[in-house]
Each structure stands twice: as C-alpha cells, then as structure tokens.
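> Both chains come to you apart, so use the hints to assemble them.
Keeping their order, the protein sequence lines are chains A and B.
Every letter in the first sequence is one number past the one before it in the working numbering, and letter 32, counting from 1, is 32.
For the working numbering, count along the second sequence from 1 and bump the result up by 289.
In case anyone wonders, no lab produced these hints; they're calculated from the structure.
Some clues are possibly wrong.
Unchecked claim - Quick list of in silico lysine-lysine cross-link-like pairs, DSBU-like style, CA-CA up to 35 Å: (1) B:Lys349 <-> B:Lys369; (2) A:Lys37 <-> A:Lys214; (3) A:Lys172 <-> B:Lys312; (4) A:Lys94 <-> B:Lys327; (5) B:Lys327 <-> A:Lys68; (6) A:Lys37 <-> A:Lys68; (7) A:Lys174 <-> A:Lys214; (8) B:Lys370 <-> B:Lys391; (9) B:Lys312 <-> B:Lys327; (10) A:Lys172 <-> A:Lys21; (11) A:Lys68 <-> B:Lys312; (12) B:Lys328 <-> B:Lys349; (13) B:Lys327 <-> B:Lys349; (14) A:Lys68 <-> A:Lys172; (15) B:Lys406 <-> B:Lys440; (16) B:Lys328 <-> A:Lys68; (17) A:Lys174 <-> A:Lys191; (18) B:Lys312 <-> A:Lys94; (19) B:Lys328 <-> A:Lys94; (20) A:Lys94 <-> A:Lys172; (21) B:Lys312 <-> A:Lys214; (22) B:Lys312 <-> A:Lys174; (23) A:Lys94 <-> A:Lys214; (24) B:Lys370 <-> B:Lys358; (25) B:Lys406 <-> B:Lys391; (26) A:Lys172 <-> A:Lys191; (27) B:Lys358 <-> B:Lys369.
From a predicted model like this one, the values you see are computed outputs, not experimental measurements.
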Amino acid sequence: MAEQTASGYIQHHLQNLTFGKLPTGDWGFAHTAEQAKEMGFWAFHVDTLGWSVVLGLVFVLVFRMAAKRATSGQPGGLQNFVEVLIEFVDGSVKDTFHGRNPLIAPLALTIFVWIFLMNLMDLIPVDFLPLLAATITGDPHLSFRVVPTTDPNATLGMALSVFALIIFYSIKVKGIGGFIGELTLHPFGSKNVLVQALLIPVNFLLEFVTLIAKPISLALRLFGNMYAGELIFILIAVMFGSGLLWLSGLGVVLNWAWAVFHILIITLQAFIFMMLTIVYLSMAHEDNH
Amino acid sequence: MNINATLIGQAVAFFIFVLFCMKFVWPPVITALQERQKKIADGLDAASRAARDLELAHEKVGQQLREAKTQAAEIIEQAKKRGNQIVDEAREQARLEADRVKAQAQAEIEQELNSVKDALRAQVGSLAVSGAEKILSASIDQNAHAELVSKLAAEI
Chain A
1 MAEQTASGYI QHHLQNLTFG KLPTGDWGFA HTAEQAKEMG FWAFHVDTLG WSVVLGLVFV
61 LVFRMAAKRA TSGQPGGLQN FVEVLIEFVD GSVKDTFHGR NPLIAPLALT IFVWIFLMNL
121 MDLIPVDFLP LLAATITGDP HLSFRVVPTT DPNATLGMAL SVFALIIFYS IKVKGIGGFI
181 GELTLHPFGS KNVLVQALLI PVNFLLEFVT LIAKPISLAL RLFGNMYAGE LIFILIAVMF
241 GSGLLWLSGL GVVLNWAWAV FHILIITLQA FIFMMLTIVY LSMAHEDNH
Chain B
290 MNINATLIGQ AVAFFIFVLF CMKFVWPPVI TALQERQKKI ADGLDAASRA ARDLELAHEK
350 VGQQLREAKT QAAEIIEQAK KRGNQIVDEA REQARLEADR VKAQAQAEIE QELNSVKDAL
410 RAQVGSLAVS GAEKILSASI DQNAHAELVS KLAAEI
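Same shape as in the complex, but just chain B (with noise of 0.2 Å):
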C-alpha cells in the first residue's frame, strides 16, 4: 500500500504501450475499416446501380419488342397488299390474254367464213350452172345464159 516508485514504473510502462498501440495496432485497423467501409460503399452504389441499369435494359427490350412488332405487322400488310395486287395483275392479264386469243379465234373462224362461203359460192355457181346445162343441155346457148347464171351465183 505504499506509494513508491512503482507508479513511475507504471507510467512508463503505460506510455511506451500506448505508443505501439498508435504506432503499430491503431492505424493498420482502422485502415482496414475504412477501406472495408469504402468497399461496402462502392458495393451497394454498384448494385444499384446495376438495378437501374437492368430497368432501363428491360425498357429498351420492350420498346424494341413493339417496335418489332409495328414492323412485322407493317411488313404483313405490305405483302397482303403485294400478293392482292399480283393477284388482280395476274388476273387481268389474264384476261387481256384470253381477250386476245378470243379476237384472233373470231378473226380467225371469220376469214375461213369467207373463204368457205367464196369457194362454196364459186362452187354452186359452176354446180348450178353444169346442172342447167345437163337440164337444159344443148338448147340452151351457153352464152346467152351466162349473164343470168353469174346473177344467180351472186344473190347465193
């Protein structure tokens, strides 16, 4: 219980402790806090970050999905409206084609008509007239008849 030199001893044993501990126990820790701290900070900043990031992404996707859509939807139309007009182009063609074909029949069975009803005529003309002829026979001049017989040949 007595007082002595005890508490210089004390003393200085208490400084030189406190002074390793700010020397060589302090800073390192509370360095290391720090920078685990900072860490945290930067974690939980990139984290929401990434978040908002995803938000937007998911928001482009869905405006780039519409998008596609008005496109494809637009694109559909497009050919409806391509394969509607080949269609009616097609058709009409078609048409003019059998038009065509139709006319050139007609033109056609026309002009072999004619040349039936012209050789058929000529061909009645000159059965006609062998036949008035073989009737007739001799009696009648065949000259003198000829006249009438073209006329006859002609109202055919």
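Same shape as in the complex, but just chain A (with noise of 0.2 Å):
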C-alpha cells in the first residue's frame, strides 16, 4: 500500500467486490470503480451479500443450538446469553408493541443481532480482511469491503423489507381503504365534501412523504452512521501509511479511542433500528384515525 496515494487507498477501501455484467457482454467481477458503476442496476456486491449472509448464518446457527437445547431448567452459557438478548427484545417489543403479531418479536431480534454483527465487522482493523482476501485470490487490487452496513445498498434492503411490512400489515389491520384514508384524510379533515376535496392532495402529500421517509430515514442513519465510521478507521489508516513515526503512533491511539467509542455506535445503531422498526409496525398496527 506504500506506492498508493492516499486518496487512491480511501478510494480502494469504498469500492465492493461487484459482480456484474462487464462491458464485454459476459458476466464477472468489476476491476474498477468505473466498471463497477456502468453495470448498473443488475450488479451484486459479493462482499456485502458473503458478509451479510455468514453474520446471519452465525446469528441464526448460534441461536437454533441455543433454541434447541433450551430448557426450563438451570440454563448453560450459551442459553443464558440468548436468553438475556430474547428477553431484552421482547421487553422492548412489549414496552412498545401492543397487538399481537407473533412476527414482530423475532424480527426485531434478528434485526438487532444482524445489525450488531454486521456493525461490528467494523471493529476489525480495516485491513486486515481485504489483505486477506487479496492475499487468497492472489489480486492485489481487489475490491473488498467487510462491513455490509456500509454498503447503502445493505441498510436499504433491509429498510425496505421493513417497509414492505409496514404497507402489508397496514392494509391487513386498516384494509385498503383505510390505508388510503389514512393517507389521504389526515391530519387536516373537513366535514364539507367539497373541502375535504380540495384537501386530499395537500394531505396526501404530507402523509406520502412522512411515509416514505420511515424506510429512508431508517436505512441513512445506519448507514450514514457505520459509513462515517468506517471512513474515521480509514483515515486513522491512512496516518499508518504516512511513515512519520509520531503520526503513526497518534493513529494508534486515535484508533483505540475511535474503536472504543465506536462499540457504543453499533450497539446503539442496531438498537435504533430495532426500536424504530417496531415503533413504525406498531403504527402500522394502530387504527386511529
């Protein structure tokens, strides 16, 4: 990494691994971020997508053995563990959530423990993994990014999915009509038809965007979160590269400060992501206008 810019070595550390279909008509990975970016829409991040999908293979692996020798007796370790998470989950589940929806509680746990591993991705140093796959696949240039939540594309899906929750289970509790209604009718209502008319649209409007900013608010604040995070690890890196000794040891401690601070982060990032999660099914759920 000597011979980079450090701008080039910023750069190189934004970029996924994107598999996609190349200028040549055939299917493959990008080798720039220009490539990258002409694949369009039809391209995957293969490091977000590995990455997220072994945190959640860890997630559920680790909790079915916890579920499975669940027991009502004396619980072991493992149990235990899981337990205090379920039982934090379903705390704040039930503080909040008041129908039942058997759905809501192991969403917001999965959720929860998705997020915080994925998040936590970012701890390790922020080499260490794309030298290791660089290493692996013998490409020095590769592309390879570890923290899926710092892909927008990563907290987008998810908060989509939220999203798609939040518009089924409105129109299941409220019907479609009501759903409209209450897009359409609130907050400013008028008994006169011909007011109540005019008013549609501006209500409309104020509703569909206060709609539509749940699931972009939720997926910009943890990525925006873990994406500035990332970003601080990689310039604390960049003082490494730089070969002046008392820069590089100020990068050390900079980069246990950050890394301390940094745990809180994630912790509360997945935590806010759960929480608004279940606070906007919960609306979903509420039928009271």
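And the structure:
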C-alpha cells in the first residue's frame, strides 16, 4: 500500500467487490470503480452479500443451537446469553407494540443481532480482511469491504423490507380503504365534502412524505453512521501509511479511542434500527384515524 | 456506493433469516422462558404454602402439648385422689378389724372369766364346806348346815 496515494487508498477501501455484466457482455467481477458503475442496477456486491449472509448464518446457527437445547431448568452459558438478548428484545417489543403479532419479536431480534454483527465487522482493523482476501485471490487490487452496513444497498435492502412489512400490515389491519384514508384524510379533515376533496392532495403530500421518510431515514441513519465510522477508521489507517513515527503513534491512540467509542455506536445503531422498526410496525397496526 | 441488485439480495436474506428466527429460534426459547417463569412461580407458591403448613403444624403441636399436659395433670390428680381413698379405706378397714378382734377378745375374756368365776365359786363352796366340815367334824350335821353353806357360796 506504500506506493498508493492517500486518496487512492481511501477510494480503494470504499469500493465494493462487484459482480455484474462487464462491457464485454460477459458476467464477471468489476476491476475498477468505473466498471462497477457501468454495470448498472443488475450487479451484486459480493462482499456485502457474502459477509451479511455469513453473519446472518452465525446468528441463526448460534441461536438455533441455544434454542434446541433450551430447557426450562437451569440454563447453560450460551442459553443464558441468548435468553438475556431475547428477554431484552421481548421487553422492548412489549413496551412499544401492543398488538398481537408473532412476527414482530423475532423480526426485532433478527434485526438487532444481525445489524450488531454486521456493524461489529467495523472493529476489525480496516486492512486485515481485504489484505487476506487479496492474498488468497492473488489480486492485490481486489476491492473488498467487510462491513455490510457501510453499503447503502444492505441498509436500504433491510429498510425496504421493513417498509414492505409496514405497507402489508397497514393494509391487513386497516384494509385497503383504511390505508388510503390514512394517507389522504389526515391531518386536515373537514365535514364539507368539497373542502375535503380539496384537502386530499395536501394531506396525501404530507402523509406520503411521512411514509416514504420511514424507510429512507431508517436506511440512511444506519448507513451514515457506519459509513462515517468506517471512513474515520480508514483516515486513521492512512496515518499508519504516512511513514512518520509520531503520526503512526498518534494513529494508534486515535484508532483505539475511536474503536472504543465505536462499540457504543454500533450497539446503539443496531438498537435504534430495531426500535424504529417496532415503532413503525406498531403504528401500522394502530387504527386510530 | 452504487445502488444495485445487492439490496434485493439483502432483502431476501433478511426475510429468510427473520423467518428462520421466527420458526426455529424464538418459540423454543420463549417457551423455555415462560416454563421457567411458571416453575419459579409454582416453587415460590409451594414454599409459602409449606411455610404456612409449618406454622399450622407448630400451632397444632403447641395445642396438643398443652392438652397432654392438662391431661397428665388430671390423671395425676385422680391418681392422688384414688391413692388417698385407698389409704383411707384401708385404714378404716384396719380399724374395723381391730375393733372386731378386740371385741372378740373381750368377749372371750369375759366368757373365760365367767367360767373361771363359776368354777372358782363351786370350788370355794366345796372347799369352805369341807373346811368347815373338818373343823366342826362330826358335830355338825351336814344336812342341817347345807342351806347355810350354799348361802355362803352364793355370796362369793
């Protein structure tokens, strides 16, 4: 990495390993950022998907192992750990969500643990896994990002899934008419039919923005926090590459300090994503307009 | 940084993980938790019930002890009374027996005395007559003085 410029190093670290249709017409990995951009929508970030699936599998397998051995007697270490998490999530759901829906609590648990694990990848020093991947594949310019939540696709994918659930449950609970009514007859209502008809576009504009803002804010909040956090780690890592001893020393201290602070951020962001999901779905279940 | 089909893949993975969690992870753990909650609640219930039972048993024991004590005291009292009664009875019987024996002895003594007196009287009479007879020898007519002698004998 010594021969690279700082900006090249940073850009390299912000480039995903993209699999898609190459200009030649074949499917393959993009070698440059431009190539990846040209692939358009039908391309996949293999690193993002790979790590998120691996971490998701870690989550389900560990929790499944604990669930299989779950006993109402004296719990073991793993079961204790899983129970603490499940009770925590269950408590959060029960505090906020008052309907009866067997999906909400497992959904919240999955979101919390999965996002936490994906965020946790941020604490692995920025060069470790990309260098490992480059060594294994033998390609020194291989782009490889290990933190799925710094990829807007990952956060948006989850946020849109939550959004789909919001729409689904809104329609399921209130009916299609109720859902449309919620979007158009609120917040401004009138007894006069003509005035009401005039108010519908205004209401729709306001409510639609509110609705759309939910997944966007959900996705961008997580993405923004994790992206900024990763960028700071990369900037600190640039200090190590400077070759100056005092700057590298400062980098070590800063890296440690930021990592400690980041532990708080990754947990908090996972919790916020979970909590907001519960709140949005709880709102979708409430029929009070 | 490009928005692409990754988000679809992510959404699919997300749904699969959520469904797996919902089907295979959440129910067993939450069931175990609820069962344990119930067990603990039952255990606490049983413990408080046992404590109450213990208290009742203590109370009962105390009551029985008190009863037993009263009973024992009663029995002792009765026994004492009975003992006194027996002693009294025995004493009374002994007294009666003694009286009886004494009376019998007295009667015997009386009888003996009377018979001795009679014998003595008869002997004294005959002794006196024979003595007087010897003293007076033949001068005195036995038949003439027999009346006098028997009068004398009757005076003894």
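> Lys94 of chain A and Lys214 of chain A: Cα distance at most 35 Å?
Roughly 21 Å between the alpha carbons, so the hint for Lys94 of chain A and Lys214 of chain A holds.
> What's the verdict on Lys370 of chain B and Lys391 of chain B, does the C-alpha distance respect the 35 Å limit or exceed it?
holds, 31 Å
> Is Lys349 of chain B close enough to Lys369 of chain B, meaning Cα to Cα at most 35 Å?
holds, 30 Å
> Has the given pair, Lys370 of chain B with Lys358 of chain B, been kept, meaning a C-alpha gap of at most 35 Å?
Judged against 35 Å, a Cα distance of about 18 Å means the pair holds.
> For a C-alpha distance cap of 35 Å, please report whether Lys328 of chain B and Lys94 of chain A respect it.
holds, 22 Å
> For the pair supplied as a hint, Lys406 of chain B and Lys391 of chain B, confirm whether the alpha-carbon distance does not exceed 35 Å.
Holds - the C-alpha atoms of Lys391 of chain B and Lys406 of chain B are around 22 Å apart, at most 35 Å.
> Can you confirm whether the C-alpha distance between Lys68 of chain A and Lys312 of chain B stays at or below 35 Å?
Holds, at about 12 Å.
> Taking only the CA atoms, is the gap from Lys312 of chain B to Lys327 of chain B under or equal to 35 Å?
holds, 23 Å
> Within 35 Å, alpha carbon to alpha carbon, are Lys37 of chain A and Lys68 of chain A?
violated, 45 Å
> Tell me if the straight-line CA distance from Lys68 of chain A to Lys172 of chain A falls inside 35 Å.
Given pair Lys68 of chain A, Lys172 of chain A holds - Cα atoms ~33 Å apart, limit 35 Å.
> Holds or violated: are the alpha carbons of Lys312 of chain B and Lys174 of chain A at most 35 Å from each other?
holds, 26 Å
> Would the hint linking Lys328 of chain B and Lys68 of chain A be met if the CA-CA limit is 35 Å?
Holds, at about 20 Å.
The earlier numbered hints that this structure contradicts are 6, 10.
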